[in-house]
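Here is what each chain is made of, one letter per residue.
2 protein chains.
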Amino acid sequence: MKRFLLFFAVQCCMLVALAQQNVGFRATDLVSPQVNADHTVTFRLMAPKAESVKVVGDWAGESTIAMTKSPDGVWEATTMPLVSEMYTYRFNIDGVMTLDPVNPFTRRDVGNWFSIFYVKGGVADYYQVRDVPHGNVTTTWYHSDAAGADRRLTIYTPAAYNTSKKRRFPVFYLLHGSGGDETAWLDLGHTARILDNLIAEGKAEPMIVVIPNGNLTKDAAPGETSEGLDFRPCMSNQMPGYKDGRYETNFDEIIRFTEQNYRCLADKKHRAVAGLSMGGFHTFFIALNHPDTFDYIGLFSAGMDFSKLDMNLPAYTDIDGKLQRLQRSGYKYFWQACGDEDFLWEANQQVYAQMQRNGLDVDFYKSSRGHLWSNWRQYLVLFSQKLFK
Amino acid sequence: MKRFLLFFAVQCCMLVALAQQNVGFRATDLVSPQVNADHTVTFRLMAPKAESVKVVGDWAGESTIAMTKSPDGVWEATTMPLVSEMYTYRFNIDGVMTLDPVNPFTRRDVGNWFSIFYVKGGVADYYQVRDVPHGNVTTTWYHSDAAGADRRLTIYTPAAYNTSKKRRFPVFYLLHGSGGDETAWLDLGHTARILDNLIAEGKAEPMIVVIPNGNLTKDAAPGETSEGLDFRPCMSNQMPGYKDGRYETNFDEIIRFTEQNYRCLADKKHRAVAGLSMGGFHTFFIALNHPDTFDYIGLFSAGMDFSKLDMNLPAYTDIDGKLQRLQRSGYKYFWQACGDEDFLWEANQQVYAQMQRNGLDVDFYKSSRGHLWSNWRQYLVLFSQKLFK
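Going line by line, the protein sequences match chains R and Y. Just so it is clear: in the first sequence, position 9 is 5 by this note's numbering, and no numbers are missing. Just so it is clear: in the second sequence, position 318 is 314 by this note's numbering, and no numbers are missing.
Okay, chain R solo, but in the shape it has when bound:
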């Protein structure tokens, strides 16, 4: 019966109980989640005393399915067939949000932890670890004069970086959204796996990917700074210095650090920048304030709402003039992607029109759905294939 794991798994857990005091690894015979052949997914939870259990997932924005209880106290629910993607979910047990206790695979998004699963047979196949040459992922720290601090960033170097010790590589700067940090594009974005797989298939050029932290007054991700656990995750608009423009105008700090410490092709032709949501906003103003720097620019569901922006700040003054300057200095490819259900759709349309008015050639990509990681992963798969060719 597919619902039950092989006996050794139970054995395994029992042995653990003897072997260690603090692992807390429990015996279980439940299978959850179970991705079925028809791409429906079945969730199960042992909670005999619960009155109400729902599964809450991200397969359609936020989807909630009531689970039904069997006489043996196991709650169960099955989704509709799902398209290939990585999905996150939690259980709502009588109002308490929890991980799936029998699923060891999780991701953090801002301040919450979610259980995850993959529906394969499509784009999610790029999110898998395959038997292909793997690049390195390094967390390192650069000194920011703008922040007056050492700040953490994550760098992906392709497999060829290890095998060709003299070769230099192009660099793709990839920026997270509000509430994100230098871990988001790796953990939720699957950047290293996507690049490993696209490069192995010959669909993307071997490139370095730099993933900085876009919250200039925070040195690193929550829990990874000298504030310890006192700095709790929140959206970036709750952090000091939000949209003061200093991250965008000082972005050359990060480029300099990268080109001084890694074997980079250090010219405009071999630099790309893109970002999701707030990171798309950052990308736009980084490009406008560094017009001779990037040949490839990508906006992913960009946070293009300028309504509360202080247009007197150096980063944000004279947008039209800067757009014209960017158009004159030239670039190879400018991509703007947004979902037709995204709450930022209108704002992206307006900025697209403004870029048109200023003579910029922008390739606008309309996807389905909204402001979701599924779109941002898919945009990365598409955009990274356009780079450095």
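Warning: the hint list may mix true and false statements.
Which copy is meant is left open, so a pair is good if it fits within one copy or across any two.
[As the list claims (entries may be wrong)] Cut-off 25 Å, straight-line C-alpha distance, at most; resulting in silico cross-link-like pairs (DMTMM-like, lysine to aspartate or glutamate):
1. K362 with D121
2. K162 with D146
3. K265 with E197
4. K65 with D34
5. K265 with D226
Since the hints were derived computationally from the structure, they do not count as laboratory data.
With chain R held as given, fit chain Y onto it using these hints.
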């Protein structure tokens, strides 16, 4: 009232609800955990419909405290004063084990996720990110002929590795226990923070730390291999090839990879090896089968139970002869640490006696408590200060 966060935190979460569809970041005014001035810790959970809630933590092996419910549906419990350490805990809500939903900070141990907190003012101060120069942490892959596969490992390089581009460094090979992998010594062990802090204080030499995966038939941690989510965490004795000795006899593969790809001082004088539990067992037989390789050897609560060991395997034959060979070839420092409540205490005593009989000079360190990460982190703080001096 300390129980309530500042208003902006609630604001923050509300803004999030507007800003993104799938973050699921909820408003809350609960503070949990709350580390009090007297080093007691108070936990709180909003669960109005629950009949019974307990907090289960690792501050004394496995400790369970029943929580009491207030009229507003908030369950609360407070520990005894705790010594400085990092602690893990979960809530048992009517039999369902969950994370603390308002604590974003977690760690995985084998197949379970735990909420965490620190009690500072002692050894846990070494587990904090401080404003000191930080090393890099890199996940990379080496080719193992023994496994016939590319396998993942984690490498810490000290801050000086970035600033002195020609300098070479000694290497410390640090091995995980059963159920662990190449992430355990970083996430649970806090290796990078401990080394950053000890090096900044001048108490440890700048060194490279290599953290391999000791399960030779698995390429990487659960979820990081081409098995995807089908390879679920379990204890190593449930994996094929457990204690077949090939990891220990082929460990020179990992040394060769490290010395070919990093700026290492590539001699016995500048190599150390240590491991916890199963990793201590590995360390013992790696040292015995590579007698001219390491000047520093450390056993942390080592899994020295030879009862089920196949003594005919090349790695495990002629232990006395190999010990005498190790004694003749010499080493600088051999450290064996075990807690007096550890279920492996007797086994460690027996191996200590066997090493004595064969003329080895071993410094035995008896700590309090049992087979716990708190001991292993503290052993790392102590042992790393003995290296390369």
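Hint by hint, here is what the structure shows:
Taking the shortest alpha-carbon separations for K362 and D121, only the intra-copy value of 22 Å comes in at or below 25 Å, while the best inter-copy value is 50 Å. Taking the shortest Cα distances, K162 and D146 sit within 25 Å of each other only across copies (22 Å), while inside one copy they are farther apart (28 Å). Taking identical chains as interchangeable, the C-alpha atoms of K265 and E197 lie at most 25 Å apart only when both belong to the same chain, with a minimum of 23 Å there against 44 Å between chains. Within a single copy, K65 and D34 get their C-alpha atoms as close as 23 Å, which meets the 25 Å cut-off; across copies the closest is 44 Å, which misses it.
In this homomeric assembly, K265 and D226 never come within 25 Å of each other (Cα to Cα): the closest approach is 42 Å inside a single copy and 42 Å across copies.
Checked against the numbered hints above, the structure breaks only hint 5 and satisfies the rest.
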